[in-house]
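As they're listed, the protein sequences go chains A and B. FYI, the numbering used here numbers position 5 of the first sequence as 16, with every residue one higher than the one before it. FYI, the numbering used here numbers position 79 of the second sequence as 167, with every residue one higher than the one before it.
These are computed hints drawn from the structure, not numbers from a lab. Wrong hints could be hidden among the right ones.
Simulated pairs of lysine to aspartate or glutamate, DMTMM-like, Cα-Cα distance not exceeding 20 angstroms [said to hold, decoys possible]:
no.	chain 1	residue 1	chain 2	residue 2
1	A	K16	B	D145
2	A	K16	B	E146
3	B	K104	A	E15
4	A	K16	B	D109
5	B	K287	B	D109
6	A	K16	B	E586
Covered stretches of chain A (chain B as the covering partner; in silico rule of three or more C-beta atoms under 8 angstroms from a C-beta of chain B) [as the list claims (entries may be wrong)]:
no.	segment
7	170-183
8	238-248
Computed Cβ-Cβ distance ranges for the label pairs, DEER-style [to be verified]:
no.	chain 1	residue 1	chain 2	residue 2	range
9	B	R464	A	L135	29 to 35 angstroms
10	B	A453	A	K183	42 to 48 angstroms
11	A	R13	B	S112	46 to 52 angstroms
12	B	D486	A	L135	22 to 28 angstroms
13	A	R231	B	G484	38 to 44 angstroms
14	A	R154	B	R458	28 to 34 angstroms
Keep in mind the model is a prediction, meaning the values are calculated, not measured. Yeah, the Cβ is synthetic: ideal placement off N, Cα and C, and Gly gets one too.
Residues per chain are reported as follows:
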Amino acid sequence: MRLEKRNHTSPAAYVLAPVGAVVFTLIVSALLVLWAGAPVGQTYALLLQGAFGSVFALTETLTRATPLILTGLAAAVAFRARLFNIGAEGQLYAGALAAVAVGGMHGGTGLEWSPYVLFPLMMLAAALAGAALLLGPALMKARLGVDEVVTTLLLNFIMLLLVSALLDGPMKDPLSMGWPQSVALQGDLELSKLVPQTRLHTGLLWAVSLAVMLWALLARTVPGFDVRAAGANTRAAAFAGVPITRTVVLVALLSGGLAGLAGAIEVAGRTGYVTLDMSPGYGYSGIVIAMLAGLHPLGVIAAGTFVAGVLVGADSMSRAVGVPTYIADVIVATSLIAVLVAGLLTQYRVRWK
Amino acid sequence: MSNVLRLTHITKRFGKLVANDSISLTLARGEVLALLGENGAGKSTLMSILFGHYVADEGSIEVFGQPLPPGQPRAALAAGIGMVHQHFTLADNLTVLDNVLLGTEPLWQPFSRRSEARAKLLAVSQQFGLPVSPDARVGSLSVGERQRVEILKALYRGARILILDEPTAVLTPQESEALFDTLAQMVAQGLSIIFISHKLGEVLRVSHRVAVLRQGKLVAEAPAQGTTQGQLAQWMVGHAIEAAERRPAQNVGEPICTLSNVSTAPTGRDRLNDVSLTLRAGEIVAIAGVSGNGQVALADVLCGVRAATTGQVTLRGAPLQARPAWLVSQGVARIPEDRHAVGVVGDLPVWENAVSERLRGPWFAHPWFRAFWVKRRAARQHARHVAETFDVRGGGADAPARSLSGGNMQKLILGRALMPPKDAAGNTAPAPQLIVAHQPTWGLDIGAVMFVQQQLINARDSGAAVLLISDDLDEVLALGDRVAVMHDGRLSEALPAEGWTREAIGLAMAGAAH
């Protein structure tokens, strides 16, 4: 068996590739469902219903999608520029901490600022905190050639330990009865509900508009051209006059900032305070979502909603039939592999002799 | 004569493209067959099929009367087919003997049988008149010597049919002569050779028979004797070719760019060592030399991607700033050596590549962007204009630049560099005053070569200073008004082209003082 480069890719192949990937994923997952001894059709129906089948299911899915879209955008913009930021998880926590530090830490200090001042400050602080965490690795990569995969990944663990220390120390909520959780955000800084009686909050609008803004920046502006050119071919970009170091800094600010905002929006929209388990790996899932979306900011909205739907749907499905929720991870992982292979097959063809 | 190799109706398709269309060829014992054709004519595909990298859709191959199983490089090696690639496949940090032995010994053999191997290598080297020292490190050898090691590698493995892919592209004229002597000796001992080249003169000198491919078809097969270069060129492109006419420079003007005692930090052998040069308006200065002797450093300095460590570079009297954007704004047109890796960003569309050099500057007076927003309509219009003026053919403005053929990509790069934009008020910026062209015709087909050379001559005639850096001696002599030779980071004096002979240039390329 060998791969030969295709000379020409038909437009139909670009449409058929993702469809084929979805079909492949469903078949592989169906085998596992059969193995667990559950009826395949019913399992998929329950999963779909649990994700999108009612107003409640839909709002739960979109609530889960909000941080996923933001971390997906963080990964997408960084990967476009070949800055492999694996540290969105840590940047998310940095953003969450910064949000609480600005928006919850001055009870009783007499500092009574209007929420109209405090809210933008809180968001800005969160974005800057996330960006600051990525700036170091990005500059070390640009200047010294240090592998950013290693540095950003390791910073995640440092960040988690820092969060742990702060939640048991200076940021500990005195009313939490010993639970490691931070002081709560001021009530008037919380995001309002998008649908009453549900958990869905206006953070979704933030995520969607940031996706559109990021798309416009990348596709329509000179700095966006710089990011795409530097990522696709650094030498050619530098030859054409793209300021490479400045572009790397910009990408770090955008990517880290988006991950930081994901943390702040989770705090302001859902939890109200920081805990050590507030993110079940949103930062890492963002990488999967960005790859599923082909690193396209608007595709991230769809991919984030898909992954959130699978996760939420699997939760409710597993309560009805005896299939563990881990099937959600299998579906997401298989779909990622299938999409990547399908993308490869649009460029290469397989010969069997 | 007995045939050692017979290709019968080889056909290979890539989608709709027919890369090889029912090609039948034979090779006799003791024969040199030249395989000619432009880029994309199907030479590499045919050789890849012969060597087992590709599997033909139709047709069969016979070697020494035995059918060759398709798609197995090992089978091709075992059958006695050896290939010497244009870009060497040697490990610099190993010795000559190690390089030759690499991959020939079984994995489970506990000790390398080096003394036997050394004896065999020396025997082969003596038999074919290819002297080498087995214990020299390949990294310390000259290019000509490395090529000798490549050939020995194939002969050591028992090759009876040798494929040489553009073997003279990296050699000085003297080294080429030595190679031709070697080939004659090998043929006299019964080896057969397929010689791939696009230098028509040497093809006629070296080969017994010539086969010409065009668009995947075998269009001509003829004995070398009695065939002319013009005939070959016509077969290759399908119509008669007129060479760019050499006209001497008419109005040599002011110095545009001067280098005085410029040196750069060494990166391997490629650096500048105390180089001085003056480029004047209305004149082409051509730099000859074997690649890797400082040409990259010279081009990098003048393209703004590397700074000189000592010495002075001035552009119209002002010190040159090592920033591409500044150079472009000062009217420097830059044509890089490697069009795929440096010239264009292959993933981005043609239109973005057509304007990519000119996306900097004050936003309020800029033709293509305002406050960061790209004016897509104006930029695309310019890209279309470039494509029309420079005859860039291919998928259109939105196709990724990598989909262009080499010639069209080079035309795009030329157009980007040479065509000044119109500003918002409709005024056209001045044409470039300095053109830095590094290997601008490398790997292009004859039509594109003529086009690129004509553009450089036209730019000179309209008053630009042109620096042409080229490996191709014919090109240097055809275009250069003054010629200088580079060796080991040093640049000879730039003398009028009439003052040089090919022999003198060859000696200077090899480092002899003159």
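Here's how the hints hold up against the structure:
no.: 1; hint: A:K16 - B:D145; verdict: holds (15 angstroms)
no.: 2; hint: A:K16 - B:E146; verdict: holds (19 angstroms)
no.: 3; hint: B:K104 - A:E15; verdict: holds (14 angstroms)
no.: 4; hint: A:K16 - B:D109; verdict: holds (19 angstroms)
no.: 5; hint: B:K287 - B:D109; verdict: violated (24 angstroms)
no.: 6; hint: A:K16 - B:E586; verdict: violated (48 angstroms)
no.: 7; hint: 170-183; verdict: violated (count 0)
no.: 8; hint: 238-248; verdict: holds (count 7)
no.: 9; hint: B:R464 - A:L135: 29 to 35 angstroms; verdict: holds (31 angstroms)
no.: 10; hint: B:A453 - A:K183: 42 to 48 angstroms; verdict: violated (57 angstroms)
no.: 11; hint: A:R13 - B:S112: 46 to 52 angstroms; verdict: violated (25 angstroms)
no.: 12; hint: B:D486 - A:L135: 22 to 28 angstroms; verdict: violated (38 angstroms)
no.: 13; hint: A:R231 - B:G484: 38 to 44 angstroms; verdict: violated (20 angstroms)
no.: 14; hint: A:R154 - B:R458: 28 to 34 angstroms; verdict: holds (32 angstroms)
When the structure is compared with the earlier hints, violations turn up for hints 5, 6, 7, 10, 11, 12, 13 and for no others.
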